Structures are given as structure tokens and as C-alpha cells.
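**Q** First to last, the sequence lines map onto chains L and C.
To convert, note that position 170 of the first sequence is 169 in numbering that gives the first Met the number 0; the numbers rise steadily by one, no gaps.
To convert, note that position 197 of the second sequence is 196 in numbering that gives the first Met the number 0; the numbers rise steadily by one, no gaps.
Read the hints as simulated data drawn from the structure, not as lab findings.
Do not rely on the hints blindly, as some may be mistaken.
Copies of one chain are not kept apart here, so a pair can be met inside one copy or by any two copies together.
What the hints assert, rightly or not - Straight-line C-alpha distance at most 20 Å; calculated SDA-like pairs for lysine to any residue:
no. : residue 1 : residue 2
1   : 159       : 63
2   : 207       : 178
3   : 207       : 188
4   : 120       : 157
5   : 128       : 160
6   : 164       : 135
What you are looking at is a predicted structure, and each value in this text was computed from that prediction instead of being measured.
Protein chains: 2
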Amino acid sequence: MKDSTGISMSVIRRLPRYYQYLTDLSNNGIERISSSELAEKMGLTASQIRQDFNCFGGFGLQGYGYNTAQLANALAGILGLDSDFSAILIGAGNLGKAVAAHLFSEQNGFRLIAVFDSDKKLEGKKVGKFSILHMDALEDFCKQNKPVTAVLCVPDNAAKEVALKLDSLGVKSFWNFSHFDISSILPNSRVENVHLKDSLMTLCFLIKSDMGKN
Amino acid sequence: MKDSTGISMSVIRRLPRYYQYLTDLSNNGIERISSSELAEKMGLTASQIRQDFNCFGGFGLQGYGYNTAQLANALAGILGLDSDFSAILIGAGNLGKAVAAHLFSEQNGFRLIAVFDSDKKLEGKKVGKFSILHMDALEDFCKQNKPVTAVLCVPDNAAKEVALKLDSLGVKSFWNFSHFDISSILPNSRVENVHLKDSLMTLCFLIKSDMGKN
Numbered sequence: 000m001k002d003s004t005g006i007s008m009s010v011i012r013r014l015p016r017y018y019q020y021l022t023d024l025s026n027n028g029i030e031r032i033s034s035s036e037l038a039e040k041m042g043l044t045a046s047q048i049r050q051d052f053n054c055f056g057g058f059g060l061q062g063y064g065y066n067t068a069q070l071a072n073a074l075a076g077i078l079g080l081d082s083d084f085s086a087i088l089i090g091a092g093n094l095g096k097a098v099a100a101h102l103f104s105e106q107n108g109f110r111l112i113a114v115f116d117s118d119k120k121l122e123g124k125k126v127g128k129f130s131i132l133h134m135d136a137l138e139d140f141c142k143q144n145k146p147v148t149a150v151l152c153v154p155d156n157a158a159k160e161v162a163l164k165l166d167s168l169g170v171k172s173f174w175n176f177s178h179f180d181i182s183s184i185l186p187n188s189r190v191e192n193v194h195l196k197d198s199l200m201t202l203c204f205l206i207k208s209d210m211g212k213n
Numbered sequence: 000m001k002d003s004t005g006i007s008m009s010v011i012r013r014l015p016r017y018y019q020y021l022t023d024l025s026n027n028g029i030e031r032i033s034s035s036e037l038a039e040k041m042g043l044t045a046s047q048i049r050q051d052f053n054c055f056g057g058f059g060l061q062g063y064g065y066n067t068a069q070l071a072n073a074l075a076g077i078l079g080l081d082s083d084f085s086a087i088l089i090g091a092g093n094l095g096k097a098v099a100a101h102l103f104s105e106q107n108g109f110r111l112i113a114v115f116d117s118d119k120k121l122e123g124k125k126v127g128k129f130s131i132l133h134m135d136a137l138e139d140f141c142k143q144n145k146p147v148t149a150v151l152c153v154p155d156n157a158a159k160e161v162a163l164k165l166d167s168l169g170v171k172s173f174w175n176f177s178h179f180d181i182s183s184i185l186p187n188s189r190v191e192n193v194h195l196k197d198s199l200m201t202l203c204f205l206i207k208s209d210m211g212k213n
């Protein structure tokens, strides 16, 4: 699968890891790193790293390696972390609260502008600096504020209806924590899924495999 | 990268998706599906699906396809969802509470047995049916109960110390929500990471790329 720029999703998915890794190195006073060192630390090959960076013009200097701060900065630009995409969060349960608190507290390309829930009892309660709005207010809010992205922290069985509603209101990208497959009903939307259950099942398999060895 | 059974991680990571997809089909009364239909719905190729299943002996019948309930059941067995791995959760903030509530409510191979936090003020408060224990009680608890897995919902800067402590107490697998790279200090542990920030950055890149097109 490729994105609109023709770069494969597997390369794109490595960019945040490179960015975070290089930022950590730079913050720890490490100014440069060779592609082979970077490869070893990240469990990749040096050739894969060079190929990945060549998708964006390449960054290393022969014999020098990479300047960590410069490369982190370049990756931030490629990822668009200096963007200011407006986002609304739907579903103010524990997961929604955690996502709001953890992820909109630093510069990461998005700016949270409202939190919604379908539970009338939650209306007006606070999530960080936001007063929870009822879903009845969604339509007017979207017409006025035109949010770019919606974060869906709703139950699986509510996700389809919420996604269709948001799409009709002009929201075309989703950070989806439900297991509902939004792409199946909105193939032209941008959907990034966080599938916690899949991750837990993967861990289960790995532990089971290890136990089979013993 | 391959797991201990010699199966590549990319195949392993598709197993939960197959399992969930086939379970949904079966629950919706769809008894059988061809590998080409399954491939189309999941954005894979039919040959990839056949290759994946061949790692486990293969399941389809020529001309019939797959029986959804039987295949879901076989995948549950392969994944080990009938296991009963004891798990403790460290970090009872919003994320920890969300993870506890969402993910230990159904059969998925794990059984949550305790919730810990380093904040004395949280001691004794409830997360679902669990009274939060203070980290001071971790050592005795692990010696008595020998948990298999720890779920780390702690801040990034606390993760290293907590992981080392747990490792010394015999915990060798981690479901890690922090951005600390546990594998770098505990290469023999099983670590499954949930990197929410990486996922958000990927979405940021995709939206930015789309906007560049217009």
C-alpha cells in the first residue's frame, strides 16, 4: 500500500520511529550517528535506512553519518509536526481522557479544539481545559469550526454511525481507536487505526510460543 | 525479525486481524469465504493469505474456501486466546484505567490480577474490581503470584526503572505503552509496544501529503 506521495506505508511508518530516536539522541548530547549504528539500535539494516531516507532526498554525508539534530528537524518537517490540524475527540471515557491528556500536550501537528460525548450526564464536565459537548452540538460545531480530524474513542458498535456523520460534516481523517473498519465504508478518508486488541493478541502468541520452547 | 517459532513478525501481526475479521463474519451469519474475497476485504492478496495460513498447516479446501467459524476457532488456538496468562498493570492513570477496562473484560489470553501505582494517594482506590496497590508491595506480590506479564502505563521516564525491577522479579513479558525501548535493556524479554505518538505522527504525515496534492 502506498500513500498519495507514492511512498510505501512501511517506510512512512518508520519515520516517527526515526524522528523519536534521533530526537532522543540529540537531547542526550549525541550529535552524530552512522547509518550502521542507527540501524543496529533500531533493528534495521543500514541499507534499509539509506533507502528510506533516499525517498526524501537523503540526508547523510559519506564518512560522517547523520547529524542527529538536523535529521530530527528534517523528519519533523517531512512528518508535518509543525502543522496545526484541528482535531475533535469523540468519546470522553477513560480512553478518550487519556488520549486527550497524553497526546495533545505537545507539538505533534494537531490541536485539540473540542471533546464530545453522547452521554448527557457528561455534558459540561471537564477533560483538561475542555468542557465536554453533547453529540447534539456536533453538526453546528463542525459547520463553524471545520475540524480536520476526529479522534474516535467510541465503542465499536457506535463507530460506524459516528464516522458517517463526521464524514457528512466534512471530516475526512480519523484517528480510530475502535475496531470498526472505517475504511470499508469511507474508502477516501484517511484512517489511522490503533488496534489495542490486536497488539495484546500478538503478545499472547509470542508468550505462548516461548512457553512451547521450554 | 522472526519469533521463536521461525514465523515472521509480519505474518504473526496479521493473525489477530484474520481472527477478528473471521469472527465478525461468523457472528454475522456468513459461514464461508474464499481466499480472494477475504483478501479483497482485508487489502491483501489471496496468495499472501494462503501463504500466511500455510505457516500453520493451511486451512482452506480447494473450491470451498474457508469456513469462517472453524478458521476463527483455529486462529484463536494458534494465538493462544484460551491461555490464562496472569498480568499486572502498572500505572493507574486514565490510560491504565482505560486499558484495564477495555482489554481485560473478555477472553483474550490474559487475566488481570493486580493494579499498581507509585502514587500513595491512589492506594486502595478502585480500578474496576481491583484496589490499587502501591509499588512498595510489588516485590512481595510478584514473589507470591508470579505474574507472567506486566502492562506498563507509566510515564516514559519511569519505564526503565519499572521494567528492570519487574525483570528482576521474574516478569519476562511486557505490554508497553511508554515510549521507552524496553528491548534495548532487556533483549531477552518479550515486548509488545503500543506507540500512540507514532500512530498520530503517521496520520499527520498522511493528512499533510493529501493537502499537498490539492
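**Q** Identify every previously stated hint that the structure contradicts and give their numbers, smallest first.
**A** Result: hints 1, 2, 5 break, sorted rising.
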